Every structure is written in C-alpha cells, then in structure tokens.
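Protein chains: 2
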Amino acid sequence: MQKTKRLLAIEKIITEEKITTQEELLKKLKGKGIDCTQATLSRNLRQLGVGRIPAGNGGYKYSLPEKIRNSEGISFKPNIVPVIRDIVEAKGLMVIKTIPGNASNTAFFIDGTGRYEIAGTIAGDDTILIIPRDGVTIQQVHTCLEIILPGIHEQIKTSK
Amino acid sequence: MQKTKRLLAIEKIITEEKITTQEELLKKLKGKGIDCTQATLSRNLRQLGVGRIPAGNGGYKYSLPEKIRNSEGISFKPNIVPVIRDIVEAKGLMVIKTIPGNASNTAFFIDGTGRYEIAGTIAGDDTILIIPRDGVTIQQVHTCLEIILPGIHEQIKTSK
DNA sequence: AAAATAAATGCATAAATATGCAAAAAACTA
DNA sequence: TAGTTTTTTGCATATTTATGCATTTATTTT
Numbered sequence: 019m020q021k022t023k024r025l026l027a028i029e030k031i032i033t034e035e036k037i038t039t040q041e042e043l044l045k046k047l048k049g050k051g052i053d054c055t056q057a058t059l060s061r062n063l064r065q066l067g068v069g070r071i072p073a074g075n076g077g078y079k080y081s082l083p084e085k086i087r088n089s090e091g092i093s094f095k096p097n098i099v100p101v102i103r104d105i106v107e108a109k110g111l112m113v114i115k116t117i118p119g120n121a122s123n124t125a126f127f128i129d130g131t132g133r134y135e136i137a138g139t140i141a142g143d144d145t146i147l148i149i150p151r152d153g154v155t156i157q158q159v160h161t162c163l164e165i166i167l168p169g170i171h172e173q174i175k176t177s178k
Numbered sequence: 019m020q021k022t023k024r025l026l027a028i029e030k031i032i033t034e035e036k037i038t039t040q041e042e043l044l045k046k047l048k049g050k051g052i053d054c055t056q057a058t059l060s061r062n063l064r065q066l067g068v069g070r071i072p073a074g075n076g077g078y079k080y081s082l083p084e085k086i087r088n089s090e091g092i093s094f095k096p097n098i099v100p101v102i103r104d105i106v107e108a109k110g111l112m113v114i115k116t117i118p119g120n121a122s123n124t125a126f127f128i129d130g131t132g133r134y135e136i137a138g139t140i141a142g143d144d145t146i147l148i149i150p151r152d153g154v155t156i157q158q159v160h161t162c163l164e165i166i167l168p169g170i171h172e173q174i175k176t177s178k
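Going down the list, the protein sequences come from chains A and B.
According to the numbering used here, the first sequence is numbered sequentially starting from 19.
According to the numbering used here, the second sequence is numbered sequentially starting from 19.
I should point out that these hints are in silico values taken from the structure, not numbers from a laboratory.
Remember, it's a predicted structure, so these values are computed and weren't measured experimentally.
Take the hints with a grain of salt, since some may be wrong.
As the list makes no split between identical chains, a pair holds if one copy fits it or if it spans any two.
Only pairs whose alpha carbons sit at most 30 Å apart, straight line, appear in this in silico DSSO-like list of lysine-lysine [said to hold, decoys possible]:
id, residue 1, residue 2
1, K115, K50
2, K79, K115
3, K45, K115
4, K115, K36
5, K79, K46
6, K30, K46
7, K36, K79
8, K46, K115
9, K21, K79
10, K30, K79
11, K48, K115
12, K45, K79
13, K23, K48
14, K50, K23
15, K50, K36
16, K115, K21
17, K23, K79
Just need the whole structure built from these sequences, with the hints factored in.
Below you can see the structure in the form of structure tokens.
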C-alpha cells in the first residue's frame, strides 16, 4: 500500500528535519520518490496527529504527538524498540513478546500513545496482549505499531 | 497594558475550552470585553507557543505547550498537588512551601509549563520563590497556579 | 513635558491549510 | 473473477492563518 509507506516517510522526515509547510514536506517526499498532493498530506498529517507549533526562531514547525513539548517546541521520543522480541497474531489479537520484565512498561508506553486502533492492552512479565478495537484489522494494527515504533517489524525480522 | 490581559485570557480560554479557530477565540474574547483582530491573535498565539493540533473527533484545536499529548490530541497533567503545603505572597513575589525535599522538582514542573505570567523560579529544599513577570498581578499568578494545578488553593485551604 | 524610540495594532492581502465531491484504487464477497 | 463495498486520492476551492506596511499607543530619554 502506498499510503502506509507515505505515513512512515512523513513521520521520519518530521522527526529528523524542521518542516515548515506542507509544500516543503511535499518536496521532501518527492525527493524520496513518494508523490502526492498537498490535500493528501493535510489528511495524512491529521491522521498521524501531527500538530503545527510555533518554532523558536520564527516560522512554524510540524511536530508529532505523544511527545513532550517544552515552551521552545522541542520534542523527544523514548526508544523502546530493542526490548521487543516478536510480534504474532492470534485469534484476531496481537501478541508482543519482550525481553523478560519489560512487558509492563512497554504496554504502558503503547497505551500512552492513545492510538485509536488499540482498545486496550494486558501485560504479563514478557508478553503483551493487544486488543484491537472492533472493526480494526490486524493489518491496521501492524501499521499502527509501525507508526508507534518505526522500524519495529524490520528489526524483528532481521534479528531472527 | 491591554496585551498582558489578553494573553492571560487567551491561555485561560484555551485551557478551559476547545477552541477550533482564531475567529472563535476572537468571539470568546469579545464576550469578555477584550477586543482585537485576528491578526493580533495570530501574533499572540505565536508568542504564547500555542500549537494547533488535530482533535480526536475531527477538526482541530489550539493547545498550550507544556502539555503531554497523545495521538488523540488529549492532554493530561501529572498531579503534584499533594506535595504543596502553602502559598503566600511577599513583596510582590509568590512563595510556595512544599513538603521537605520537593521544592526543586515542583519548581521544575512549574517552569516546564512555560506560563507567560511567570518570569522565573528559585527553589531551595522546601520553598520556591516565584517571580511574576512585570505587569502581572499576584491575583493573576494565583489564577495561573489554579490553571497549572487545578484545585490547589482549595486543597491548601481545607488542609489547614 | 517634549522629543525620540520602541512596541503593539489594524487593515488588507498573501500564504497556507482543509475539505466537498467525483474518480480511481484497493479490499472484500459471493 | 466479476461484482460490490470501502478506502484513498486529486482537483478545485473555501476556509483559515500569517505578515508587510502604515498608524497608533506606550515607553524611554533628554
């Protein structure tokens, strides 16, 4: 799907560079071979929960949610990818395996993102059960996880 | 100065209600007897660091910095009220008493909110000095604290 | 207090963003 | 796989927001 790829690219670009307008983002994407219109970007940014905040030096910048912003508009994101070992599907639910003792904090992080796709989580010691909301497909949950934890699937695949 | 009053009103309104457009904010302000143009609002919002983020149900909402956002655009605040023992005024400054050892982290939290009213803070072990910005009254600082820490004054009053 | 300097504001408009609608693409079903 | 439904997208445009410039208001200096 073209859209998923685009969403990921948008998040990556926004995280790494200071993007001031949608037109600017449009060009960056084009540079990566991803082509769309400003209208589509506007919709995608909404879906990703991306906000537009005043930048310290003048102008504005786009910024991902689930971040902690201070009055300078600077943000950061905790990286918890390395603790995740595996992601499998079962009975329409999602099971995430972590390294021992890390299920709870990982689930807490996932909950904290408040993603629409996820109705709730249950965590043991090294296993998390993710309950998708009604009407949300497993594929959508995968996409959702990829958004929360960029590169996670790739990471799991290569470490196997 | 008219501007300070307006900035405070903007923060208050944005904190308490879901504001979708600058025009909407304009009307709310007019209702409070504060009159200006959209152009001025745009400039003020920038100065306050107010961002525009997608709202969960569709549409957008303005949001102060200092908040932790999740992807639904909902914000929440850590509750640190219980560590605060007393709030008194002295020489146009504000003195906050905390339980021992908690002044520093409380001050850090207050600083982090980036409130316009507060020029800066100094913390010892159980005492914080809040220096209001020029032109800001003690009453306005009280209101500001009530916004940062809802219910704080009530809590102190009842525990005495 | 008058003059000089800086800050704030409105007006008009440019710039940027969101959205209704129709078409195209993708996903699903029988 | 042909038909049906859902999702995604572009186009055109309405809506919303930012800003240059001139003017007013406030602040500072002499």
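We went through each hint and held it up to the structure:
1. K115 with K50: neither (33 Å within a copy, 55 Å between copies)
2. K79 with K115: neither (35 Å within a copy, 37 Å between copies)
3. K45 with K115: For K45 and K115, neither the intra-copy (38 Å) nor the inter-copy (52 Å) Cα distance is at most 30 Å.
4. K115 with K36: Cα proximity of K115 and K36: none, with 33 Å in one copy and 39 Å across.
5. K79 with K46: both (15 Å within a copy, 27 Å between copies)
6. K30 with K46: Answer is within; shortest intra-copy Cα gap is 11 Å, inter-copy 38 Å.
7. K36 with K79: both (6 Å within a copy, 22 Å between copies)
8. K46 with K115: neither (35 Å within a copy, 50 Å between copies)
9. K21 with K79: For K21 and K79, the Cα distance is within 30 Å both inside one copy (23 Å) and across copies (25 Å).
10. K30 with K79: Close inside one copy (14 Å) and across copies (24 Å); limit 30 Å.
11. K48 with K115: neither (37 Å within a copy, 55 Å between copies)
12. K45 with K79: So K45 and K79 pass the 30 Å test inside a copy (16 Å) and across (27 Å) alike.
13. K23 with K48: within (13 Å within a copy, 45 Å between copies)
14. K50 with K23: within (11 Å within a copy, 47 Å between copies)
15. K50 with K36: within (17 Å within a copy, 37 Å between copies)
16. K115 with K21: within (27 Å within a copy, 53 Å between copies)
17. K23 with K79: Answer is both; intra-copy 22 Å and inter-copy 27 Å each pass.
Hint violations for this structure: numbers 1, 2, 3, 4, 8 and 11, all remaining hints satisfied.
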